[in-house]
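Per our numbering, residue 1 is the first one in the sequence shown, and the count goes up by one each step.
No lab work stands behind these hints, which were simulated from the structure alone. Even for Gly, the Cβ is constructed at its ideal location relative to N, Cα and C. Some hints could be false.
Unchecked claim - Estimated spans, in silico, between C-beta atoms of each pair:
| no. | residue 1 | residue 2 | range |
| --- | --- | --- | --- |
| 1 | I128 | E187 | 18 to 24 Å |
| 2 | P120 | G265 | 48 to 54 Å |
| 3 | F254 | Q125 | 25 to 31 Å |
| 4 | N269 | V19 | 33 to 39 Å |
| 5 | T89 | Q125 | 20 to 26 Å |
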Amino acid sequence: VILVSIAAGDYSIDDYKAVGNSRNFTGKVVLVSGSSSGIGEGIVKLFSLLGASVVVTGRKAADISKVAKECLELSPKKLKPLEVVGDLTKSADVNNLIEATIKTYGKLDVLVNNAGIRKPANITQPDILQIWDQTEAINMRAIIELTHLAVPHLDKTNGSIIDISAVNAYAPIKYDLAYSVSKAALEMSTKILALELAPKGIRVNNVSPGVIQDRDKVSPEQQMAIGVTPLAQLGQPLDVAKAVVFLASTDAQFITGASIIVDGGVVFNAGVANIIDRPT
Numbered sequence: 001v002i003l004v005s006i007a008a009g010d011y012s013i014d015d016y017k018a019v020g021n022s023r024n025f026t027g028k029v030v031l032v033s034g035s036s037s038g039i040g041e042g043i044v045k046l047f048s049l050l051g052a053s054v055v056v057t058g059r060k061a062a063d064i065s066k067v068a069k070e071c072l073e074l075s076p077k078k079l080k081p082l083e084v085v086g087d088l089t090k091s092a093d094v095n096n097l098i099e100a101t102i103k104t105y106g107k108l109d110v111l112v113n114n115a116g117i118r119k120p121a122n123i124t125q126p127d128i129l130q131i132w133d134q135t136e137a138i139n140m141r142a143i144i145e146l147t148h149l150a151v152p153h154l155d156k157t158n159g160s161i162i163d164i165s166a167v168n169a170y171a172p173i174k175y176d177l178a179y180s181v182s183k184a185a186l187e188m189s190t191k192i193l194a195l196e197l198a199p200k201g202i203r204v205n206n207v208s209p210g211v212i213q214d215r216d217k218v219s220p221e222q223q224m225a226i227g228v229t230p231l232a233q234l235g236q237p238l239d240v241a242k243a244v245v246f247l248a249s250t251d252a253q254f255i256t257g258a259s260i261i262v263d264g265g266v267v268f269n270a271g272v273a274n275i276i277d278r279p280t
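Modelling step: build the complete structure from the supplied sequences, incorporating the hints.
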């Protein structure tokens, strides 16, 4: 093994100046799955604000339209987002999502695999396997299929993939079997694909949110989480979005296979949830 070091002096001053423009995504095309609400909405809005052409997608046309309108207002050049309605558990819809993106924009620079579901369940309840299959279909299979179709296009742009996982991948939480396993699997998928796609110049990274307030009303579970979060607050979709934007930017050009935890430190106390007998 030969290690090659590069002295700091080998970089021009322009390389340092470029950092000041690293959050400018003008001319970039960004697809965020599950972007019609919640964390995905926060991500797609921030990319719009930073100049990207974005794809807003989800299952409900009305929600997509609302977010797309807000993206348009945030866009410095008033770029109209592409709106795509679809169910990612259906291969035809996944194909349509990629095809519509390429037909509209001609390329793809960033794929954010955000869509996912969480359905707490007890191992003894009758529908546990149904919940398992539904969770894995969205939280893993759909991501693999979408990534599979996106890679040929990302190959042409030296693009980037960011998977949205969760701190559940690191801490066992009772009643969250299907969800936590899917997120742990996604963490490994990120690392494996980072290795596979590195020769193509495609970076693959991961953001693992903690407890995020993605609705106006704070739930009892979220209220409990505030008390065990070292920073004593809930995260916001924008907190996750800023981490995603960093990983998609040139500032992260030497980062692949990494996971950024955005959780206010709650992962260190996540086990507290196991003393709460949550309804299933």
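Consistency of the hints with the structure:
1. I128 - E187: 18 to 24 Å: Because 23 Å falls inside the window, the suggested range holds.
2. P120 - G265: 48 to 54 Å: Given a distance of about 23 Å, which is not inside 48 to 54 Å, the answer is violated.
3. F254 - Q125: 25 to 31 Å: With a Cβ separation near 46 Å, F254 and Q125 fall outside 25 to 31 Å, so the hint is violated.
4. N269 - V19: 33 to 39 Å: holds (35 Å)
5. T89 - Q125: 20 to 26 Å: Because 22 Å falls inside the window, the suggested range holds.
Of the hints listed earlier, those the structure fails to meet are numbers 2, 3, in rising order.
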